[in-house]
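Enquirer: From first to last, the protein sequence lines are chains A and B. Sequential numbering of the first sequence, starting at 1, is according to this note's numbering. Sequential numbering of the second sequence, starting at 1, is according to this note's numbering.
The hints are simulated quantities; they were obtained by calculation from the structure and are not laboratory data. Be careful, since some hints might not be right.
[Said to hold, decoys possible] Ranges of calculated distance between the beta carbons of each label pair, as one might list FRET restraints:
1. B/42 / A/30: 57 to 65 Å
2. A/144 / B/58: 20 to 28 Å
3. A/222 / B/89: 38 to 46 Å
4. B/193 / A/215: 58 to 66 Å
[To be verified] Under the rule of at most 27 Å between Cα atoms (straight-line distance), these lysine-lysine pairs were calculated in the DSS-like manner:
5. A/84 / A/96
6. A/345 / B/166
7. A/285 / A/345
8. A/266 / A/152
9. A/84 / A/58
10. A/152 / A/285
11. A/345 / B/29
12. B/166 / A/363
13. A/87 / A/3
Yeah, the Cβ is synthetic: ideal placement off N, Cα and C, and Gly gets one too.
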Amino acid sequence: MVKLAEWRGKEVFRRYGVPLPRGAVARSVAEAEELVRSGRVPLPCVVKAQVLAGGRGKGGAVRFATTPEETRAAAAAILALEFKGEKVKELLLEEKLALGRELYVSLTLDRARRVPILISSGRGGVEIESVADAEIDRQPVDPFPGITGYEKRRAARVLGLSGESARALDRLLDALWRAFESEDAELIEINPLATVGNELVALDAKVIIEDDAAFRHPEYADIRDDRTPLEEIAREKEIAFVQLDGNIGVIANGAGLTMATLDVLKEFGGEPGVFLDLGGTDDPKKVTEAFLLMAQAKPKSVFLNIFGGVTRCDTVATGLVTAMQQVPPAERFPLIARIRGNNEKEGIEILRAAGVTSVPSLKESAQAAVAAARGSG
Amino acid sequence: MTVLVDTDTRVVVQGITGHQGMTHTRQMKAFGTQVVAGVTPGKAGSEVEGVPVFDSVRDAVERSGANASCIFVPAPWAKDALLEAVDAGIRLCTVVTEHIPFHDMLVMYHYARSKGTRIIGPNCPGIASPGKAKVGIIPNVVFRPGRVGVISRSGTLTYEIVNGIKEHGLGQSTCIGLGGDPVVGTSFVDALPLFEADPETDLLVLVGEIGGTAEEDAAEHIAHHFSKPVVAYIAGRSAPSGKRMGHAGAIITRGKGTAETKVAALEAAGAQVARFPYEVPDLVAQLLRTRGRR
Chain A
1 MVKLAEWRGK EVFRRYGVPL PRGAVARSVA EAEELVRSGR VPLPCVVKAQ
51 VLAGGRGKGG AVRFATTPEE TRAAAAAILA LEFKGEKVKE LLLEEKLALG
101 RELYVSLTLD RARRVPILIS SGRGGVEIES VADAEIDRQP VDPFPGITGY
151 EKRRAARVLG LSGESARALD RLLDALWRAF ESEDAELIEI NPLATVGNEL
201 VALDAKVIIE DDAAFRHPEY ADIRDDRTPL EEIAREKEIA FVQLDGNIGV
251 IANGAGLTMA TLDVLKEFGG EPGVFLDLGG TDDPKKVTEA FLLMAQAKPK
301 SVFLNIFGGV TRCDTVATGL VTAMQQVPPA ERFPLIARIR GNNEKEGIEI
351 LRAAGVTSVP SLKESAQAAV AAARGSG
Chain B
1 MTVLVDTDTR VVVQGITGHQ GMTHTRQMKA FGTQVVAGVT PGKAGSEVEG
51 VPVFDSVRDA VERSGANASC IFVPAPWAKD ALLEAVDAGI RLCTVVTEHI
101 PFHDMLVMYH YARSKGTRII GPNCPGIASP GKAKVGIIPN VVFRPGRVGV
151 ISRSGTLTYE IVNGIKEHGL GQSTCIGLGG DPVVGTSFVD ALPLFEADPE
201 TDLLVLVGEI GGTAEEDAAE HIAHHFSKPV VAYIAGRSAP SGKRMGHAGA
251 IITRGKGTAE TKVAALEAAG AQVARFPYEV PDLVAQLLRT RGRR
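The task is simple: from the sequences and hints, build the whole structure.
Expert: What follows is the structure in structure tokens.
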């Protein structure tokens, strides 16, 4: 998932017409000071760290300033922070508004109902997880009409808005809906949404774009989640690769089989380290790359558990044998293979010729992988 | 009709001239499925594995009498392919394609439903009834005709478990791989009544995984509306705590979605829950024996 920093989320909001405080981004203390001296950001202002983790207010990552000097000090303090493991590199400076009430509004997907869901609460400004169920309204939205008039009136009642401010909510929800659909968002959250007179202003923005829609959103291509360098290489090669603390490398295909493999290894006292999901591939080169990537993680043993469907067993075996020849002898590790399914016989034969035996039983092969990790540890 | 497919099923393969389309057309035919047409725009008049190719689904339906579709079209064009099949009157579509944006799938699901078309998938292995028909990509080697139904959110894990049932000397009535995407055309709850009504299914195996609430919802349905014995397996008990879908996602699934909640819900509904994939066939065999004695 592509999580947008607050300022980028607010750029999305601006494009769709969600009202925002006047503000701008600074990447240094000098830039921050210049923003207020030039009047681009009116004083008094708020200076906010642009990090993805929540709880910025309590963690000193949001500060207020009434003068250029205070702005400088606030910017310097925040830029020096490492907030929940993330170095602060960007600041958002915004005018400090005279706030009325703080509300909560979000749009996301309800998987079970298979519709978007509009979530609203009159208790904004705190973590929504901490709000009691009774104070949260969940309104499923049919994707064809989108948010209807009666659904907006219901949201207005929940949020305690009427008259001019209810009409402001109508406009806001229309804008959020357009952004949710057009930007392929999996989450759009405003917390808090503040009343300022009869207007509604988004004080924060949390926008998450769906990975699978990346092909039509090149504008977000530069945003990356936190990944280890090996995980980053794997992503580029379209291999699902996760690094854990254990010492057994797991290569499987498909998320369900990968998880089941981890469950079985754990049962026999094994500690899975890297696990790598080949997904569906019939390209032996991809298998070779995956295996070499695994070798870089220096596992004590590797358990290959493949059920051939789209991925054929002979493809996997060929890719594997090629990779094994490329690993220097000193860096080799015991390999326990279990390949089943399409072209199983051909695959087993290729492995046998290279000196690897495929163990057909999941239980026995997993036990062997655990034993091998112990033996060489 | 067993569950959704039978010997009258006539399949059109959308995206038949691609590598996956060709491979699985061959496999579906080898399974015994009537694959009667393929569609790739611009390729009308050609043949793949002896199957005539048409430019549109409407042409394919008119000329070949196709009544089910198997879609291999790449993600950016999959929505259009599905809508085309629905408009051509196809009432069962397996969408194999992975990485379809869920916003597209929302449109696909609600449009198909409004026209009476059932979608299986996306990102799924599809459906198969041994001895009858297969619309999808589950390897032929795992099947043997029998009386065990299987529904699963996984791909290869489905093959693993279906194969285990075969190796135990049992067979399957119908297997459906529903796919694990955020929005699926057919959920456990949608599929359960089909197996309840199917005279050829004696017992159902349900294969779930962590995340979402599909298994909890299935358990609720089983408790009240499903009379046949159920064996379940949930993958991911030892998986590292997954990525959360932001705060709003946590609000929707409050207190659900872990392996523990799923196993507890299924056990409370009377299902036998296997701890590992290889325990499934034994549990199935035991339950069938006790049922036989009753």
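Enquirer: All hints are to be evaluated individually against the structure, with a verdict given for each.
Expert: Structure-based check of each hint:
For the pair residue 42 of chain B and residue 30 of chain A, the supplied restraint of 57 to 65 Å holds, since their beta-carbon distance comes to about 59 Å. The given range of 20 to 28 Å is respected by residue 144 of chain A and residue 58 of chain B, whose C-beta atoms sit roughly 23 Å from each other. Residue 222 of chain A and residue 89 of chain B have their C-beta atoms about 45 Å apart, which keeps the hinted 38 to 46 Å range intact. Checked against the given bound of 58 to 66 Å, the beta carbons of residue 193 of chain B and residue 215 of chain A, roughly 36 Å apart, lie outside it.
The suggested pairing of residue 84 of chain A with residue 96 of chain A holds, with an alpha-carbon distance near 25 Å, which does not exceed 27 Å. Only pairs whose Cα atoms come within 27 Å are accepted, and residue 345 of chain A paired with residue 166 of chain B is accepted, the gap being roughly 17 Å. Between residue 285 of chain A and residue 345 of chain A the alpha-carbon distance is near 20 Å, which keeps this suggested pair within the 27 Å criterion. With a CA separation close to 50 Å, the supplied pair residue 266 of chain A and residue 152 of chain A exceeds the 27 Å bound.
For a cut-off of 27 Å, the pair hint linking residue 84 of chain A to residue 58 of chain A stands: about 12 Å separates their Cα positions. For the hint linking residue 152 of chain A to residue 285 of chain A, the alpha-carbon distance of about 53 Å lies beyond 27 Å, and the restraint is violated. A distance of roughly 21 Å separates the Cα atoms of residue 345 of chain A and residue 29 of chain B; the hinted pair therefore holds under the 27 Å criterion. Between the alpha carbons of residue 166 of chain B and residue 363 of chain A the distance comes to roughly 17 Å, so the proposed pair stays at or under 27 Å and holds.
Distance restraint check for residue 87 of chain A and residue 3 of chain A: the Cα-Cα separation of roughly 16 Å lies within the 27 Å cut-off, and the hinted pair is therefore satisfied.
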